[in-house]
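Chemist: Given chain A, work out where chain B should sit, using these hints.
Chain residues, written in single-letter form:
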Amino acid sequence: MSLALRYLPVLIFFAAWEAITFSGLVSTRLLPGLGEIGGAFAGLVASGEFFTSAARSLSRSGMGLGVAVVLGIVIGLFMATNRLFQLLINPIVRIFYPMPKSALIPLVMIWFGLGDSSKIFLIFLGCLLPVIVSSYNGARGVNHVMLWSAASLGASRAEILREVILPAALPDILAGCRTALAFSFILMVSSEFIIAKDGLGYLISTMGDGGNYPAMFAVILAVAGIGFAADRLYAAFAASSLRWKESS
Amino acid sequence: MSGGNVVAPQGAEIRIGKTGAILIQIGVVVAIAVIWEMSTRLGLAHPFLLPPLSAVLGRLAEDTMSGSVFLDLTLTLYRALTGFFIAAALGIPLGILMARQKLFGWFFEPLISIGFPMPKVAFIPIFILWFDIYDTSKIIMVVFSCFFPIVMATYAGTKNVDKWPLWSARSLGTREGQLLWEVILPLASPQILTGLQIALPVGMITTVVTEMLMGGRGVGGAMIQAGRFADSVGVFAGIIEIALLGMVVIRALEMLRARLLIWHPEARH
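Taken in order, these protein sequences are the chains called A and B.
Using the numbering used here, the first residue of the first sequence is number 1, and each one after it goes up by one.
Using the numbering used here, the first residue of the second sequence is number 1001, and each one after it goes up by one.
Okay, chain B solo, but in the shape it has when bound:
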């Protein structure tokens, strides 16, 4: 989200250059950090409700040394990504089949479109009942919540592929099998990627909630534990860890999109 002022400058509008813009934004982050630290030091905020930033960073450093941060982060990441990839491996083929095969489309379209807007986290107790509270159950829950946006996007993307490139490819002698890989999938890929980009944050949210509910290790489990023991420094440390993890994972998918769609007009912006 860079730059861009929609209203043309009128009169005394401040003009801010590129370096100025960067400096202001860094300044905001620094100011937040300073206000956070000082508000507890000066006694404006209760240290239990808002522990000083230095204490939170200290805890993060401690947990990094002891390695427990890596254990928790790795477990959370493993559950989120395994669930996400299984959902993609099931959802993309199903979406394509639904768009290409009438019978699949007829059968799954209503089920998927009803399932799509449902709040999937409500089903967690059923998954606990069926698969207990360990990794299997957590990962299945992530698969369940990522699956619907991926199928929806793939189905819509594949169904809306323009007929002209298909006809041209056929008239040039492309076989049906090739058609899928060389024409349909590339043309549908922007929408499929959008579906993945919707599913990934949903998967992260679900992972954290299942970890909080089912317990065990992982960032969510560690945070709820800290919350129960009134360890607010631990809660804040967990929030920073999960925020960083979310940022890295989402950024990685954005970069993958830019790489895969390098041929697409959207890459020219």
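Bound conformation, chain A alone:
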């Protein structure tokens, strides 16, 4: 199937959107036309407002996510290789893992106020748990024969961890990081809606509060597009880093 035919439904979707606004079936206040939204977006780009907000938001989620990924992999692998450490961390993971992390928004507001650190901390906490759990599960599932072979060939514990466990756990770790990436966007946007004075989420709510709906739609669609692009880029990166694996 050609690319054009494959993405034709997307075109149909936007055509229907245009048709609805053009026919006057729905008030343009509730559903602005695509041209209007595009114009509002161009305005936000020209004034620099869009890029300043995007830079704030993405640096926040990037920092929270980055620290969570590094720390999460270390904790997860350490849990899988050290029984005592696993027993100490497991109850904490069990308690925090099923908790909807957005419940922490009022807490980080009390602890850190409206600045950057509240959002970074929230994103960090939200992304940490899926990475820990997936790294732990991945490392735990390593074939024992490989570990014994490595050990009998004289590999040290550190070498086994780096050369055997980490690569074997990589598919799980990469899947966990993808979940974390999605969480980082959800938490970034929702915390910026509720406690922020800048960023994309804040820009959306100011435009909405001011009744500038075309601009509100424009930023929402842009955020959705950035989230989509980040996921696709990550998927490509993950696939290329697993190329050495046979099958799957």
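Hints may be right or wrong, so weigh each one.
What the hints assert, rightly or not - What the simulated footprint calls covered on chain B by chain A, stretch by stretch (three residues with Cβ under 8 Å from a Cβ of chain A suffice, anywhere in the stretch; the number is not a length):
| hint | region |
| --- | --- |
| 1 | 1120-1130 |
| 2 | 1212-1221 |
Said to hold, decoys possible - Selected chain B positions facing chain A (in silico; Cβ < 10 Å):
| hint | residue |
| --- | --- |
| 3 | I1016 |
| 4 | F1108 |
| 5 | M1204 |
| 6 | V1235 |
| 7 | R1251 |
Everything labelled a hint here was simulated from the structure, so no lab data went into it.
Heads up, the beta-carbon is just placed ideally off N, CA and C, and yes, glycines get one too.
Modeler: Same frame as chain A, but now just chain B:
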């Protein structure tokens, strides 16, 4: 997540038995509770930033007596579950149709795969604009965020059903209608359940965020109210309530999975 040490013990590795493991884990929880309580009592942490555990538990007891905990929890649970079930009722049939009917697959596949990774919470202001800030709008938002993972998982699960059981069933005279219920759905059910298990926590997160943004009763609304009035005890009480609710709901779905898939090889672990 129980047991399992991947590196074979070398030299002075500590061996911990089953009871020892349980005791250590209970000990961790108790230690956290004691450290929490003592750090404020000893003046190490500011009582506003970290109110003592006893104060938080006291508040929870008070709110339980007055019944307001149940009102908030019930509302939050009602919104989360209604949204989740509507999403499942729409998403599972659509996923199956997409996998079985070429035209549906062609039309919805690109739309769903583009919509899936988008951060759905960004659309909350649009739903406020369209449906106002009450229950309808909150529930629709939950439906919207749960819908995509459910459709994706159902579509993938149904599409990847092995052709051999289908051919055997057909050659044994199974009608197309029966095929869906007796062969395709059971074979796709592990993946469909996985989709539901991804959607449920997403739905919980969304419920809490919509409640915080749109206000009104419910745990999220109560917490943001407490936060605005600098009532940190109330914020912590809310976190404990929502953590318990999350644990119960997610555990219930895990148990449902174990029950439904009792025939499946995964149940043997």
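Chemist: Hint by hint, note whether the structure agrees.
Modeler: How the hints compare with the structure:
no., hint, in the structure
1, 1120-1130, "holds (count 10)"
2, 1212-1221, "holds (count 4)"
3, I1016, "holds (6 Å)"
4, F1108, "holds (7 Å)"
5, M1204, "holds (4 Å)"
6, V1235, "holds (5 Å)"
7, R1251, "holds (8 Å)"
Taken one by one, the earlier hints all hold for this structure without exception.
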